[in-house]
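Whenever a hint applies, use it, and build me the whole structure from the sequences.
Heads up: the sequence lines are chains A, B and C, in that order.
Residue numbering for the first sequence follows our numbering, beginning at 4 and increasing consecutively.
Residue numbering for the second sequence follows our numbering, beginning at 310 and increasing consecutively.
Residue numbering for the third sequence follows our numbering, beginning at 7 and increasing consecutively.
Any given hint could be a false lead.
Simulated restraints on C-beta separations [what the hints assert, rightly or not]: (1) S321(B) / L205(A): 27 to 37 Å; (2) R121(A) / L63(C): 55 to 65 Å; (3) R184(C) / S24(A): 49 to 59 Å; (4) G331(B) / R39(A): 36 to 46 Å; (5) S73(A) / W156(C): 41 to 51 Å.
What the hints contain is simulated information worked out from the structure, not anything from laboratory work.
Note that the structure is a prediction, hence the values are computed from the model and not measured.
Yeah, the Cβ is synthetic: ideal placement off N, Cα and C, and Gly gets one too.
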Amino acid sequence: MPGMLTAHRLTCVRGTRPLFSGVEFSVGPGNWAQIRGPNGVGKTSLLRILAGLAQPEEGEVRWNGEKIGSEEFRRELMYLGHRAAVKDDLTALENLTFSAEMDGVPIAREQAEDALARFGLAGREDLPVRFLSAGQKRRVLLARTVTRPARLWILDEPFTALDVKAVDFVSNLVADHVKAGGIAVLTSHQAIPLPPGQVVDL
Amino acid sequence: MSHRLINWFKLSSPYSFFPVAGRLIPWFWALTVLFGIAGLYVGFFIAPTDATQGDSYRIIFLHVPASWMSMFIYIVMAFWAGMGMAFNTRLSSMWALSLAPTGALMAFLSLWTGALWGKPTWGAWWVWDARLTSELILLFLYLGFMALHAAIDEPRRADRAAAVLALVGVVNVPIIYFSVKWWNTLHQGSTISMTKAPSMAQTMLWGMLLMALCFWMYSIVAALIRLRAIILEREAHTDWVLRLPEAAA
Amino acid sequence: MSIATQGEGAIGAVRRSGEGFSMTALTSVLRRDLLLAMRRKAEVLTALFFFLIVSSLFPLGIGPEPALLRKIGPGVLWVGALLATMLGLQRMFYSDHLDGTLEQMVLSSAPLPLLVMGKIIAHWLVSGLPVVILAPILGLQFDLDPGALWILALGLLIGTPVLSLIGAVGAALTLGVRGGGALLSLLVLPLYIPTLIFGAGAVQAHLSGQGAGGHLSLLGALLALALFFVPWATTAALRISLE
Chain A
4 MPGMLTAHRL TCVRGTRPLF SGVEFSVGPG NWAQIRGPNG VGKTSLLRIL
54 AGLAQPEEGE VRWNGEKIGS EEFRRELMYL GHRAAVKDDL TALENLTFSA
104 EMDGVPIARE QAEDALARFG LAGREDLPVR FLSAGQKRRV LLARTVTRPA
154 RLWILDEPFT ALDVKAVDFV SNLVADHVKA GGIAVLTSHQ AIPLPPGQVV
204 DL
Chain B
310 MSHRLINWFK LSSPYSFFPV AGRLIPWFWA LTVLFGIAGL YVGFFIAPTD
360 ATQGDSYRII FLHVPASWMS MFIYIVMAFW AGMGMAFNTR LSSMWALSLA
410 PTGALMAFLS LWTGALWGKP TWGAWWVWDA RLTSELILLF LYLGFMALHA
460 AIDEPRRADR AAAVLALVGV VNVPIIYFSV KWWNTLHQGS TISMTKAPSM
510 AQTMLWGMLL MALCFWMYSI VAALIRLRAI ILEREAHTDW VLRLPEAAA
Chain C
7 MSIATQGEGA IGAVRRSGEG FSMTALTSVL RRDLLLAMRR KAEVLTALFF
57 FLIVSSLFPL GIGPEPALLR KIGPGVLWVG ALLATMLGLQ RMFYSDHLDG
107 TLEQMVLSSA PLPLLVMGKI IAHWLVSGLP VVILAPILGL QFDLDPGALW
157 ILALGLLIGT PVLSLIGAVG AALTLGVRGG GALLSLLVLP LYIPTLIFGA
207 GAVQAHLSGQ GAGGHLSLLG ALLALALFFV PWATTAALRI SLE
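What follows is the structure, encoded as structure tokens:
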């Protein structure tokens, strides 16, 4: 079943001022899109609307022709916002196993350890995430893609605060995901080390 | 039929309703004054002096209508807030926001006139009567609504959050009233009760009804005035507001 | 072969056994929150000590005469329970909101009302249940007889979940809002009043010989009502707060 994300005449209002209006684009399987624009133009707001976290003032977002927000859509979605989205007080292993359970796909300890190892966190799974670097925290979150494959990735500044190695790691991950037929929508202040994709200017 | 439907939709945008509100205000002021004069006349000149309470009971012509209005406005406010949230209409939420301060005023007025009644009648400024206590809690609910709305910067989000609060409140108001009544009868044995007003002569009832209508008209006026201010504030960036003569000021 | 496709193959089998999905979501959030609370014991114990101190303040302020204490005891303990629950309410969603895990929960494919219920139950186990256990002991300070203590504990057992439930709506509405803690109190305390009246009233009814049955049933009715409405109200409030 093909996955196609369509944004239709999206308008976003912040306070009494419109941020952007009439945004329209589509991204299909095996493609990715970059949302581009100056600071404050509403890139994060657009991504949140695409993920279903915020409602647009006008317009709608469709996934496979249907309005987003259904359980089906959320199952296919991975959203990475500005915040780490992992609990500092839990270990990487605990974070991963709890996420998997909440998603309805419980995993065994070995599977979790395996996933974390593939993401370069072997030997650090039992540390409270507080003690990991920003790049490592990001990997803990992204390890979920192993246990819960999602077709649509929406990433808000995924390379921020990462060192060169981590940036490479994440971009390879995204590239592999897109090559395997997934969809990615992302923003970034830095140059995105991916084969060229669609650009949406706000 | 379809003509009337179109009319409603046209009125539902802040832009179209703004001038309509302006035109309605003088009419409702007139009704307020009319009902007010009639009600006060009946209340202070026509209604008979009460056998037990003398003339001090006359404060109920303000107290009871204020109580009625405070509860009525809360329900209306919750209704429009809910509409605004369900149908994403801006004007409904603005209307709810306009009503809140007037509702709070009515609740406060009810409390204050209740105290003024209590002092000469039972010698105490405040008695933990079921209705007065519920009125106090209702005032807190109004204040909570306004405080929550004021604390959230983003207007649409504030509208929606306050709407959830108002709807939760509306479900709770009967529960709160019932529980306070229960508490009151357990503790006081009902010797002191605002609800034991002097048995109503026809004229007294008329007086209260007229004053209630007066307060109702006043509430509409106050809300309309506030609504226009809110519309101007929120739509400040649009063309039609910038073109208004008031905007030049 | 990329990581993603390897992973897809591996968990395909797990996916097919997705039954009992809903309750797993609730219990997993519950276990997660309990685990987190255990790692931040200080926060949890603070609310309990607050309950202890507040209950002791009243006799200090009013006077230690036994007949008077017996009269004010149930009310004081119930008010203390209310305030102690309120202290812990901020914790319910705030830290998840700060680190972004709340967003992930909202976006998870599990039904949000169930996840919310898991959090509320965790909050009650950490903030409410200790009060239920501690209150009868404190009740001895107020010279209440065993029957009264039993009614007190029973009332709190039914009532504290109501407090956690109603509080959840308030916590969700005031997430990330200026003046959060004080505003939360203003919003939630008026809604707590029926629970307070019936809970303290139950003990007083028992003490006056009337029997606490009616009051306790009313508390039960409040609990049923709250269980029905709160998950939906809280879910709506969370979505609004995350916009």
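A quick look at each hint next to the structure:
1. S321(B) / L205(A): 27 to 37 Å: 30 Å, holds
2. R121(A) / L63(C): 55 to 65 Å: 57 Å, holds
3. R184(C) / S24(A): 49 to 59 Å: This hint is violated: roughly 29 Å between Cβ atoms.
4. G331(B) / R39(A): 36 to 46 Å: Because 45 Å falls inside the window, the suggested range holds.
5. S73(A) / W156(C): 41 to 51 Å: At 49 Å between Cβs, range holds.
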